[in-house]
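Letter by letter, the chains look like this.
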Amino acid sequence: GQQLNQSPQSMFIQEGEDVSMNCTSSSIFNTWLWYKQDPGEGPVLLIALYKAGELTSNGRLTAQFGITRKDSFLNISASIPSDVGIYFCAGPNAGNMLTFGGGTRLMVKP
Amino acid sequence: EAGVTQFPSHSVIEKGQTVTLRCDPISGHDNLYWYRRVMGKEIKFLLHFVKESKQDESGMPNNRFLAERTGGTYSTLKVQPAELEDSGVYFCASSQATGEAFFGQGTRLTVV
Numbered sequence: 013g014q015q016l017n018q019s020p021q022s023m024f025i026q027e028g029e030d031v032s033m034n035c036t037s038s039s040i041f042n043t044w045l046w047y048k049q050d051p052g053e054g055p056v057l058l059i060a061l062y063k064a065g066e067l068t069s070n071g072r073l074t075a076q077f078g079i080t081r082k083d084s085f086l087n088i089s090a091s092i093p094s095d096v097g098i099y100f101c102a103g104p105n106a107g108n109m110l111t112f113g114g115g116t117r118l119m120v121k122p
Numbered sequence: 004e005a006g007v008t009q010f011p012s013h014s015v016i017e018k019g020q021t022v023t024l025r026c027d028p029i030s031g032h033d034n035l036y037w038y039r040r041v042m043g044k045e046i047k048f049l050l051h052f053v054k055e056s057k058q059d060e061s062g063m064p065n066n067r068f069l070a071e072r073t074g075g076t077y078s079t080l081k082v083q084p085a086e087l088e089d090s091g092v093y094f095c096a097s098s099q100a101t102g103e104a105f106f107g108q109g110t111r112l113t114v115v
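Protein sequence lines, in the order shown, are assigned to chains D and S.
Count the first sequence with the working numbering and you get residues 13 to 122, in order.
Count the second sequence with the working numbering and you get residues 4 to 115, in order.
Rather than coming from a laboratory, the hints here were simulated on the basis of the structure.
Mixed in with the good hints there might be a few duds.
Claimed, not checked - Just some of the chain D residues that point at chain S, by a computed CB distance under 10 Å:
hint	residue
1	G71
2	T74
3	G107
4	G113
5	G115
6	L118
7	M119
8	V120
9	P122
Every residue, glycine too, gets a C-beta built ideally from N, C-alpha and C.
My request is simple: use the sequences and hints to build the entire structure.
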């Protein structure tokens, strides 16, 4: 089946630093999604990308859909303590079933 | 509008026992999905309902897992008998036809 390789697995950064994480796939996705999971909560959609090469921002978050449609990155600028959580990339298949990456655990030191 | 709600939030059971997880989707969402995340790994798809019908159950690990969605409203996921490797966080999500999937807070299942 399809697999998404997400890196890094975890990051421990200082408040105010920028963060970058990425996902790669062996197969093409027509949509890339980035979710965040806060402790004790379910994943919440942050950004959706629908077109190869698309660059989309949501506040301090920026994500890009790779030209090959096999990769995507998520950047967070000027991190703050509430950015702590697990970030997942995901791609939908037929029936809108999601394939998820392994997650990037972000820890922010005030 | 209420979001996707899951019960219980935590469950600790002994190996061999039965556990039933419940998911109440957002009202009007025909699509309901179950996912699972075992320790440190990716969130994996289990199955997909459209209304009361199972559209895709290719992710169900084995026949110890039984999902139902009688009447096309809430869904249950029963694990019987539970094994140690069933421990993890079980997520439910719901969506309209092709829209964003909204996730519940998850049920953390621990089998001891």
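Evaluated hints:
no. : hint : in the structure
1   : G71  : violated, 18 Å
2   : T74  : violated, 19 Å
3   : G107 : holds, 5 Å
4   : G113 : holds, 6 Å
5   : G115 : holds, 7 Å
6   : L118 : violated, 15 Å
7   : M119 : violated, 15 Å
8   : V120 : violated, 20 Å
9   : P122 : violated, 26 Å
Hint compliance for this structure: hints 1, 2, 6, 7, 8, 9 are not met, and every other hint is.
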